[in-house]
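Student: Each chain, written out:
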Amino acid sequence: MNHSSKGPEHFHSQAKAALGDPQLRQNFRGAMDYLQDKRKSAFHDPVEEEKIRDLSEAIRQRCLSKLPQLLELLDTNCTRNGIEVHWAENSDEANDIIARIAQRHEAKLIIKGKSMVSEEIELNHEMAKLGIECLESDMGEYIVQLDGDKPSHIIMPAIHKNKQEVSDTFEHHLDNFTPTLDVDELIQTGRTRLRQKFYDADIGLSGVNFAVAETGSLCLVENEGNGRMCTTVPKVHIAITGIEKVVEFLSDVPPLYSALTRSATGQAITTYFNIISSPRKSGERDGPLEVHLVLLDNGRTQAYQDADMRKTLQCIRCGACMNHCPVYTRVGGHAYGTVYPGPIGQIISPHLMGLDKTKELVTASSFCGACAEVCPVRIPIPDILQRLRTAAKNPPEADMIPMTGQASAASTLESLAMKGFAFAATTPTLYHAGTWSATKLKGLMPDNIGPWTQCRTSPKFADNTLHQLIKTRNKKKGETS
Amino acid sequence: MSLTASSRVAKRAILARLNRVKLPPIEKETLSYPRWKTQDEQLLTQRFIAGLSANHAEVICVNSTEIAATLTQVLTSKAYKSVVLGCACDETLSDSAANECTAYHCEKGEFYAEILAGARHCDLLQFDSVVEDFKSRLFNEVDAGITHCFGGIADTGTLVLWPDRAEPRTLSLIPPCHIALIKRSTIVSNFAGMMSEQAWQEKMPTNIVLVSGPSKTADIQQTLAYGAHGPSQLIVILVEDR
Numbered sequence: 002m003n004h005s006s007k008g009p010e011h012f013h014s015q016a017k018a019a020l021g022d023p024q025l026r027q028n029f030r031g032a033m034d035y036l037q038d039k040r041k042s043a044f045h046d047p048v049e050e051e052k053i054r055d056l057s058e059a060i061r062q063r064c065l066s067k068l069p070q071l072l073e074l075l076d077t078n079c080t081r082n083g084i085e086v087h088w089a090e091n092s093d094e095a096n097d098i099i100a101r102i103a104q105r106h107e108a109k110l111i112i113k114g115k116s117m118v119s120e121e122i123e124l125n126h127e128m129a130k131l132g133i134e135c136l137e138s139d140m141g142e143y144i145v146q147l148d149g150d151k152p153s154h155i156i157m158p159a160i161h162k163n164k165q166e167v168s169d170t171f172e173h174h175l176d177n178f179t180p181t182l183d184v185d186e187l188i189q190t191g192r193t194r195l196r197q198k199f200y201d202a203d204i205g206l207s208g209v210n211f212a213v214a215e216t217g218s219l220c221l222v223e224n225e226g227n228g229r230m231c232t233t234v235p236k237v238h239i240a241i242t243g244i245e246k247v248v249e250f251l252s253d254v255p256p257l258y259s260a261l262t263r264s265a266t267g268q269a270i271t272t273y274f275n276i277i278s279s280p281r282k283s284g285e286r287d288g289p290l291e292v293h294l295v296l297l298d299n300g301r302t303q304a305y306q307d308a309d310m311r312k313t314l315q316c317i318r319c320g321a322c323m324n325h326c327p328v329y330t331r332v333g334g335h336a337y338g339t340v341y342p343g344p345i346g347q348i349i350s351p352h353l354m355g356l357d358k359t360k361e362l363v364t365a366s367s368f369c370g371a372c373a374e375v376c377p378v379r380i381p382i383p384d385i386l387q388r389l390r391t392a393a394k395n396p397p398e399a400d401m402i403p404m405t406g407q408a409s410a411a412s413t414l415e416s417l418a419m420k421g422f423a424f425a426a427t428t429p430t431l432y433h434a435g436t437w438s439a440t441k442l443k444g445l446m447p448d449n450i451g452p453w454t455q456c457r458t459s460p461k462f463a464d465n466t467l468h469q470l471i472k473t474r475n476k477k478k479g480e481t482s
Numbered sequence: 031m032s033l034t035a036s037s038r039v040a041k042r043a044i045l046a047r048l049n050r051v052k053l054p055p056i057e058k059e060t061l062s063y064p065r066w067k068t069q070d071e072q073l074l075t076q077r078f079i080a081g082l083s084a085n086h087a088e089v090i091c092v093n094s095t096e097i098a099a100t101l102t103q104v105l106t107s108k109a110y111k112s113v114v115l116g117c118a119c120d121e122t123l124s125d126s127a128a129n130e131c132t133a134y135h136c137e138k139g140e141f142y143a144e145i146l147a148g149a150r151h152c153d154l155l156q157f158d159s160v161v162e163d164f165k166s167r168l169f170n171e172v173d174a175g176i177t178h179c180f181g182g183i184a185d186t187g188t189l190v191l192w193p194d195r196a197e198p199r200t201l202s203l204i205p206p207c208h209i210a211l212i213k214r215s216t217i218v219s220n221f222a223g224m225m226s227e228q229a230w231q232e233k234m235p236t237n238i239v240l241v242s243g244p245s246k247t248a249d250i251q252q253t254l255a256y257g258a259h260g261p262s263q264l265i266v267i268l269v270e271d272r
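Chains as they are written, first to last, in our numbering: chain A, 2 to 482; chain B, 31 to 272.
Same shape as in the complex, but just chain B (with noise of 0.2 Å):
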């Protein structure tokens, strides 16, 4: 039998069992729970920090124009040679693809130029091609990954991030440092609003990671530790844009 007639032998007797049972489909609860939630951004901006701190992430906050300097500080800080950014789409796409981008992805180029200038004494890559040909220099050569956020997460001191085009999954995961670039401004208070707000359920993109720490683990005697397989170090640079 082919995988597909018999999965759909299984699929109609799996359900047919299930279906043996009559219940009344419970309707949505009205039921809530108290979520943390703030209207004073200072609050929002030192839970964001205070979450990320505990769990491990540096926190640096800047305003636009210190960008540039602050990375190339934190580059020669940690001796990073070589680093890896996205690329921003206006210049990589052609007219079609950047015509399918949403407001939001062209922003991913938004800090580019300030990247670029902080970044001038590594080696730079970009993950301009697929994976496929990317991979052995992204798992053996890059020290560190930069990306823009999506958002931020100020409950849990939770970086959102939107993998896509512009800034591909790996970027985040595979080198041993992950940067990340967050604005202020979309900082919102918790999880379930962020999703609600903002109706995730109605455009769900490939993959949405939510990271909140650098990669850890307590499987050997409930010790803690960190960089287990995704990067041991997570350098949040938070830019003021309010």
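Just chain A, with the same shape it has in the complex (with noise of 0.2 Å):
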């Protein structure tokens, strides 16, 4: 079954059908629950983890107060060390970029590592209108493609399937597949058939967990070792990454891996991690011959200019956020329709598709507070989503940048209703005539009054106003007294 949507701005038909499907609803329960039972086993010990969440915050906050300089010395750093540094204000000139460097190789075939930065651009989409195919190979990422489908979590890809499914996938899109539910067997079909393709790859693309601007550094995270083919074996390498990813120190690393493996899969360590700072050298036997790094900036400079969304460039893509968030839980990753889904896709992805695009999704929060509760580098999730409602309904205040956007989800009738309301509830005379009209014509309210009905009862009015039962009250006192 293909789950792919038609974008935020049908979040919430979207959302209505998600809930309406028992087996996605199923499969996100139990991938939901393990995910947290893992997080919480991988903090065991709370003081720890304040530690751990205060000392990454602050290297996220101390990198970011220098974003313009490590830039620039992380270009100037892996420059020296060999790779090729490119810069891209946007998707096209990102994917502009990448084309031409796999023009010059004459490349067909991309193989790809893990990078949400590369979903983001819509880069196998691109490349493929220019002859050139892009293979997806971590395991959940080369079964949403194989189904024409997209990625639904940022580190579990194809976690709204489950191995039925898998199996339903694998027998329509791969020939010679005998169906099975044996995990084992599905995991060795995707290995072998990807293997060849590793092999022949002309290019390997990755995203960056890391750029460490003090070595020149690009650091990679995984378990499946698909990163590791990916940066290896073909002869050219290409990472693109956001600009937001760069750390300063080589030390700053270890703290924030330790973050970022509890919090997403609750893993002490992942199985490999990936410290790349150079194409091959002279000597050397294997490893890619050039090594590029493309840095995007897509709407992040934006995020920059405000002191509260600029926390949101703090964010590490752990996926905790939507592992703990009960609208993603039960509408899963597609309902969002962005490549960023979740409580950190509803505060990024304003920034890099503007607020006319994702105005319904920043209403799609139950302000519980479990995202920023868990967020290892505490980015106040709630707060910016207020932020962005408010920038959503208002144009910008006077010393204010404003949104790409901005002010898109103002309603002319929602602002005159508030202002009317505001004047009324501050003029005594209205305030009371309004609430005694409303105790004595109760009985016309109706029971569907919209979207406050679709999960609630219709509210009614009681046989008496408040400022009536105090002055009754005040008056029977009065005469026991």
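Take these hints with a grain of salt, some might be off.
[To be verified] Result set (BS3-like, lysine-lysine): computed pairs, CA atoms no more than 30 Å apart in a straight line:
(1) B:K111 x A:K198
(2) B:K67 x A:K41
(3) B:K213 x B:K233
(4) A:K52 x B:K67
(5) A:K67 x B:K165
(6) A:K236 x B:K233
(7) B:K52 x A:K130
(8) A:K109 x B:K165
(9) B:K52 x A:K282
(10) A:K236 x B:K41
(11) B:K111 x A:K67
(12) A:K109 x B:K111
(13) A:K67 x B:K233
(14) A:K198 x B:K108
(15) B:K41 x A:K358
(16) A:K198 x B:K67
(17) A:K39 x B:K67
(18) A:K394 x B:K111
(19) A:K282 x B:K108
(20) B:K58 x A:K282
(21) A:K198 x A:K130
(22) A:K236 x A:K164
(23) B:K58 x A:K52
(24) B:K111 x B:K233
[What the hints assert, rightly or not] Derived CB-CB ranges, DEER-like:
(25) A:F178 x B:L154: 33 to 43 Å
(26) A:G284 x B:E171: 18 to 28 Å
(27) A:Q104 x B:Q69: 49 to 59 Å
(28) B:R42 x A:P403: 20 to 30 Å
(29) A:T405 x B:R42: 37 to 47 Å
(30) A:F178 x B:Q69: 48 to 58 Å
(31) A:R26 x B:Q228: 23 to 33 Å
(32) A:K52 x B:R42: 14 to 24 Å
Just so you know, the hints here were simulated from the structure itself, not pulled from any lab data.
Small disclaimer: the values here were computed from a predicted structure and weren't measured.
Virtual Cβ for every residue (Gly too), placed ideally from N, Cα, C.
The two chains are supplied separately, each in an independent frame; assemble them into the complex guided by the hints.
Tutor: Spelled out as structure tokens, the structure:
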């Protein structure tokens, strides 16, 4: 089943459809329970948890406080190491850079490790237009790609499927595949089919977990080994990352890495941690002959302009916020219609896509605060969501730089109604007249008042207003005393 | 517009937007977090083995005289016919290249004789040419790759590989089994400590890889499966050298 969505503009209808899919809800419930348990056991000592979160937050804030300097230093040090650094303002520029590298090498096949930024720029789609195949090699991504589907989680892309559905996917798309519910067999199928592709690919593409300014190094976190394959076997390696992923010192890496793996999948460490600092050097026998780094803005500098929004960029992409979000757990990742779903997606997507496209998304929160409570770098997601809701409804204040799509959710009727209510509520005569008539006309209150009654019963006004009740009570008191 | 020209324009624009925000740079924090640490050699080794074993690696403890026999036993019991190893650099490098070698590179060959003896019944391949000339055999013929280790991290049960011209990166990646020899004296308490005590930031090589088990995935219904893309088996021969 293809769960692809039409985009964040259709969040409400997509969420409704997802809620009506019992299999999907069961798959997500199971997966989220598993991930929540794993995180809990990885942070069994609350004192240690607090300390590592404090430190991780401090490191990210320090690095962001000198972001432009660190990016320049990263550029200088990578270049010195022989890594070619490219800068891209948006998706088109990033795709253009990658396409030109591919064309220079007459590449027909790009084998990809996990990279959310490549999803963000729709790399696969854009390269296909040029006759270049992009093949996902992360098991989850591979399954999702076979189905023409999109990832529904940033670290577990095929989380919305159970093993039966994976077997069905393989059966539909792979020759000579015998359906099975044995997970080992399913994984071996993926392994075998992808091995030849690692061998054949002209270019390997990866994301970046941490880019170290001090040494000009790229760090990659993974379990499968496909990341190592992509960055080692093909003769060209292209890494793509958002500009916020830079850290100042190599010593910033171990605490952030620990916070990342424990928050994401509850692992003390992943199977592989790969630090790449240069292409193959003279005398070395393997590794890519060229390494490229593409640094992408795509709206991140907009988030950087504002002290609150800037905290969005602290994110280390662990996915803990979505694993603990009651909305995500119920509707799943596709309903959001964005590359980054869940709480972090709700605060990063408005910068990447504009508030006009994402105004429905910023309302999809229960404000329970679970996301902020588990975030390893302490991003105050609910506070930022509040700010985005305000920005979606109102024009910027005088000293603020407007966001893309600012005030796109503003409604004249709503704003007039609010102004009218404010006037009435601060004018005693009007207020009393209003509450008096509400109690008298309560019978006219309809049972269905739009979205409010979707999951609530319609409110009924009381027989008497609070003012009347107090007046009566005081009167009685006077009589008895 | 040429690739570099448009990239330069983008760089200027991105940095200009970032620089528009006048932020006082935050100084390095004085915070720290509790890292697992011990002076007790036995505890150190125990934790190292426990971590690796929990992540599905096989750990065999030996003294240096037992390496060859142990290796033979491992290769025979798994019925591995073809193994690949790096080269002891003193045998293969020219004088000038050998001079570039750090002391570490030369240690790569430390157990070379033992490996040769231990694998003498196997088809023994040496990774002595560029991968392009070797790729087909590496992908299709080899059962196991044998490497030395740069060090070990006890806290998480992790091998630190520092691939170089003597032992390339793919040696520990492409064959279905990775056999790693590690000296007990190179095991330290934790990752951050190893990095800072050895001042890695001053001498980053092309590639460093931390390995904490065989390749794995839980991408299908959160069910753990080994041998996703890298080696499905990791066998660690821990050599007592104290």
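Student: Give a verdict on every hint.
Tutor: Okay, the hints, checked on the actual structure:
no., hint, result
1, B:K111 x A:K198, "holds (25 Å)"
2, B:K67 x A:K41, "holds (23 Å)"
3, B:K213 x B:K233, "holds (22 Å)"
4, A:K52 x B:K67, "holds (16 Å)"
5, A:K67 x B:K165, "violated (43 Å)"
6, A:K236 x B:K233, "holds (24 Å)"
7, B:K52 x A:K130, "violated (42 Å)"
8, A:K109 x B:K165, "holds (19 Å)"
9, B:K52 x A:K282, "violated (40 Å)"
10, A:K236 x B:K41, "holds (27 Å)"
11, B:K111 x A:K67, "violated (55 Å)"
12, A:K109 x B:K111, "violated (35 Å)"
13, A:K67 x B:K233, "holds (24 Å)"
14, A:K198 x B:K108, "holds (28 Å)"
15, B:K41 x A:K358, "holds (27 Å)"
16, A:K198 x B:K67, "violated (43 Å)"
17, A:K39 x B:K67, "holds (24 Å)"
18, A:K394 x B:K111, "violated (69 Å)"
19, A:K282 x B:K108, "violated (35 Å)"
20, B:K58 x A:K282, "violated (33 Å)"
21, A:K198 x A:K130, "holds (20 Å)"
22, A:K236 x A:K164, "violated (35 Å)"
23, B:K58 x A:K52, "holds (16 Å)"
24, B:K111 x B:K233, "violated (38 Å)"
25, A:F178 x B:L154: 33 to 43 Å, "holds (36 Å)"
26, A:G284 x B:E171: 18 to 28 Å, "holds (25 Å)"
27, A:Q104 x B:Q69: 49 to 59 Å, "holds (57 Å)"
28, B:R42 x A:P403: 20 to 30 Å, "holds (23 Å)"
29, A:T405 x B:R42: 37 to 47 Å, "violated (21 Å)"
30, A:F178 x B:Q69: 48 to 58 Å, "holds (54 Å)"
31, A:R26 x B:Q228: 23 to 33 Å, "violated (50 Å)"
32, A:K52 x B:R42: 14 to 24 Å, "violated (40 Å)"
In summary, the numbered hints that this structure violates are 5, 7, 9, 11, 12, 16, 18, 19, 20, 22, 24, 29, 31, 32.
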